[in-house]
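Asker: Residue strings, one per chain:
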Amino acid sequence: MIPALLSALLVAIGPAHAEDPPPPPPAELPPLTKDPALLEFVQAPYPPEAAAQKLEGTVNLLIEIDAAGAVTLVEVLIPAGNGFDEAALDAARQFRFSPAEDATGPVPVAIEFAYGFVLDAAAKDGAHQQVLPSADPADLPVNLQGTVVEMGTRRPLHDFLVRIDALDLETQTDAQGQWQFRGLPPGNHTVRALHPGYDTLQKPVDVAAGEVTTARLWVRNQSYADPGIIGTYRRETADVTRRTISMDEIRRIPGTFGDPIRVVQNLPGAARAPLGTGVLIIRGANPEDSRVYIDGMYIPYIYHLGGFESIINPDLVKSVDYLPGGYGPQYGRSTGGSVDATTRTQFPERHELRWSTDALDSGGVWLGSFGKDHEHGIGVAARASYIDLILPAFLADDGFTVSPQWWDFQAKYQYQGQNPDKFSLLAFGFRDTLFIRTPDGYAQGTDPDTQGDIGTQYSTYRLGGTWDRAWGNHWSARIAPSFGMDEAALDVGDSFHLIQTRYTAELRAEAAYEHDDHLAVTAGLDVIAGWADFIIELPFNPASFAEIDPLADREPYQLEGTATGYGPDPWVNVRWKPLKDPDKLTLNGGARLMYVIIPDENEVLAVDPRFSFRWALGKTSVVKGSTGLYHQPPQPFQQYRPDDKPALVGAEEAWASSLGFEQSIGPAIKLEIEGFYKDLNDLIVSNRTFGSLDDSYFVNTGDGRAYGVEVIARHEPIGNLFGWVSYTLSRSERQDYPDEDWYLFDFDQTHILTAVAGYRLPYDLSLGAKVQYTTGNPTTPYALGVYDVDQDFYVAFPSGDTNSERLPAYWAVSARIDKLFTFQSWQLLVYLDLINALHGENPEFEQYNYDYTEKTYFKGLPIIPSPGFELKVQL
Amino acid sequence: MILHFLGCDTAELSQSWQIDRLRVLAVATEPAEPRPGELVTFSALIVSPVHPLAGSAWFVCDGGASDDFGCSADPALFEGGSLEEADPEDLAAAGFIGFLPALPPAWLVPTDYLDSLEESARLEGSFAMTYLAAIPEVPEGQTVDEDEVELAYKRVPVSLAATPNHNPVVLTWRVDGFAIDPGAEVLLDPGQAYDLRAELTPESFESYTFVTSLGVAEVRSEQPYLSWYLKDGSFSQSNSIFPLDSTVYFSPDDPADETASLWVVVRDRRGGMGWSELRVRFIAPD
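The listed protein sequences correspond, in order, to chains A and B.
When you line the first sequence up against our numbering, it's residues 1 to 875, in that order.
When you line the second sequence up against our numbering, it's residues 876 to 1161, in that order.
Among the hints, a few may not be true.
Said to hold, decoys possible - A few chain B residues facing chain A, derived, Cβ under 7 Å: (1) L888; (2) Y988; (3) R1030; (4) T1084; (5) T1087; (6) V1091; (7) Q1112; (8) L1119; (9) R1145; (10) G1146.
Claimed, not checked - One side only, chain A facing chain B, incomplete, derived with CB under 10 Å: (11) D736; (12) P781; (13) L784; (14) D788; (15) Q791; (16) Y848; (17) Y850.
To be verified - Stretches of chain B that chain A covers, calculated by requiring three or more beta carbons in the stretch to come under 8 Å of a beta carbon on chain A: (18) 1021 to 1029; (19) 1123 to 1134.
It should be emphasised that the hints constitute simulated quantities derived from the structure, not laboratory data.
Quick reminder that beta carbons are idealized off the backbone N, C-alpha and C, glycines included.
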């Protein structure tokens, strides 16, 4: 009879899986730089009752590991019964691991561990045991040896059982996946490799007298889950529990093209972006009020054309922090939410090549490491679209040519050795172009200045680095400088041209002092500086906006110049845990000074105090809350005034508060409810009294408010199922001028419901589904058009208040099926996404006829089958 | 734009060239660009395919004189239900200048109209707004439905320009290259495509002097464009910009009437306007 076997599947790491959850994590949860590794495995005795009934089983365990690698807690997540659970618990408590590490050093983590029990063939089949040679086997020479390697990944597999049934011999692979037998009689033998979660392999080998035979045993994993941690949901403040969404989950969500950034649009607080825009609408904030970062570097565009895919390859993304509001002072210059994508910090020892192709683009990634201890990790990725080649097949042959194109690249270096100084370097860039050619002789309206082709292009390049270091148990520091360039160009016909080149330099530096478990202080400096060259050519003078006369002759206008600006924002945060049990109550208080200087034009100064708390009620419940001020400088175009006159607009302000409750329901399900309220002041709106160039085009007269409740119930990716149901009930309103009526925010969506689920089937098949329901966006009704005879169009007059009506509700179901094929050194994943599987005719925008007497809708995507594949090769 | 190319279109909406209700298609003044003290007369191309046209009421105000449609007239002025019952002086004060066809609209440009402008700005001048309401005829005893009234406005440029504007003139139609005599009726087959062109008189392409904001005088040429309209059939495009002066007319497969009209309006972008009508008779199938 064979004793217990094991498997160690690091599926998810995080302290939130247990029924009796561990205390809240420390103030900051930076990404892990090193996963824990099992150093000492303890075999459990095979339960006698199970053996008697010839039963096998696998027990899924939650194991908490402290910063020293010791096991502090073991719980059963998915029981197997028949005595397996007790045996696995007792054995796992004696495991020993190497500690997990992040940038600050060893940290406690929790892992999911599958402990398997299988019977040997003799026990199963009642085969007779054969008598071994009489000599002590330890004295005999090795004459059969080899390694057990995972198919597809070429990963050596430790603790695998290797058997020769006919001789009733067995051994176990070591940490390098190696095994050996001594003193085998010459002849043909059948070797078997067994392990729960893997297909059992049988391989005949010939053993010759006086020779050592070597055999490599390729075994196939029954479930190739990607162990990477990829998404973080709502790390609102330093102390709010981190939520993780694994890359394996993200890849299985239909309609997201496996993009980790798009996944945040399925989480609470994020409204559905209109098709083709990809804008982030978080807690009732304007899209421009939310900021996106990659490794802390601010980038103006996160999506390629159409908003279907982000500009960074998913295989290089380590985690995504989604902060809908109430975040700490380390983030600033925005009144909306923040999305911070962190690139991969661990690279495999064995070089790996990945290639993926979907309906939009294709690209490859190379991952690997160099050095004696593989301390130099490197990843390089590049993608290019080909949708411009496919699009003509779906368009009417009306003479128009539409040519969207994009490409992107990323290169990352990561020092992953033992030196206390940790470095990384990231370079990335992308370029998107869209060209629309109008057929000859076709009138694009009646304006001679809008005739001809349209072309637009924007691109971004960044180079950034990080340096992290910890001194003892108290001090740590991080410095992250970056430099980049953004280009934007727009050409409409022969008369309208815009070219802008912007250079941005950023420096994020922070130092943390952790006095003890109760008190920690973090201070930082967030500096951004930029300068831009721009050329604007218009067929008319913007000064003519003051008195519009369409019959007046136009004077071509060219504006050429440079602009500079910088903002050194210092911030500080104090974390205090006042109770004896430091994990019971956590208080965070801090402030950020926002200071934006545009020489000779504008200065914006604001102080943002912020506070948050987290209070553990018992072992399964948490109450949390936050309140604080957030300021946002005006957009560059809002500050512009001709002739270098001082800008007349200031910062927008938001006072945001939230109160939430978390509840664990069993080991797999978490429920979270959170209410929020945002009071918006000094919002920038168009100046209705603009009459001359002495006036500002924009003024700070607007107010706003946004409030709501967010709920998420999530099934962690334990076992074969993962998923969540997310619901947001909210309202967001605006008032442009004092004493005017309030109106609904343009993207106000009362109900936002998203349900996502994925299920792993046998034979490496997976199914995924997503259901999305949102209230339609507000619209302003028009019912009367008055004909402007000179310009040959109708001028619309509203028939109701601003945003007093709504589009019909959005309702869509998407599905996905994928199948993984595994070969010795490579894997192939093929999939089919079915976007809008039920073919809901979802209106995206209203469209009126020429005189506003008829109305219809631009509808969303029809049912679209989107096939693709991903290839992974181990080199 | 992206939505359009993803297959979302607005084909189900009526097109601007389709005349299926009362429409004001063009308004011309004579002179096209008056000077202060000149008398301005008005003409309009108004098409009413469903009900006969009862008439059109006309008003003139200074540019920007009112935030709403029309001038700042006292509503009580029309409480009697008929313009004939209103006091002529009150009507004049409200900017009323005529009612077609009974009282042809005319407006005398005040001699001090440009006095508020600086001397140099008077060359480019200013404009007055003309408002008109085209009203369909309804059976006696019924009231006019507001939705059936067509409201429109047009600017009347007033200046001391050295080269004042003149209205463009459509000289002739060409159908598949053949010139059509004025007033002639064209025989066309149903369900066919025809190349339509509208030729303008050479004088319609005026050169004029424009004084820039820097005081520089430039000689510029007009860039007129055409707008096409019909009652039955369709066009390949509703506008044509010179020098491309054509569109394709797709005659209906099954014409609603034996005859139909096509209209073309030419605008010179300086306020000048002209138009022409082409009568079409569809050849009955054998």
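Asker: If a hint holds in the structure, say so; if it doesn't, say that too.
Answerer: Here's how the hints hold up against the structure:
1. L888: L888(B) check passes; min Cβ-Cβ to chain A is 4 Å, inside 7 Å.
2. Y988: With Cβ-Cβ at 15 Å, over 7 Å, it is violated.
3. R1030: holds, 5 Å
4. T1084: This hint is violated: T1084(B) lies away from chain A, its Cβ roughly 10 Å from the closest one there, beyond 7 Å.
5. T1087: holds, 6 Å
6. V1091: For V1091(B), the interface hint is violated, since the closest Cβ of chain A sits about 10 Å away, which is over 7 Å.
7. Q1112: OK, holds: Q1112(B) within 7 Å of chain A, min 6 Å.
8. L1119: Hint holds; L1119(B) Cβ to chain A Cβ min 5 Å, cut 7 Å.
9. R1145: holds, 6 Å
10. G1146: holds, 5 Å
11. D736: violated, 17 Å
12. P781: violated, 15 Å
13. L784: The hint holds - L784(A) has a Cβ within 10 Å of chain B, the shortest such distance being about 8 Å.
14. D788: Holds, because the Cβ-Cβ distance from D788(A) to chain B comes to roughly 6 Å (cut-off 10 Å).
15. Q791: holds, 8 Å
16. Y848: holds, 7 Å
17. Y850: Check passed: Cβ of Y850(A) comes within 4 Å of chain B, closer than 10 Å.
18. 1021 to 1029: holds (count 6)
19. 1123 to 1134: violated (count 0)
Hints 2, 4, 6, 11, 12, 19, counting from the list given before, are not met by this structure.
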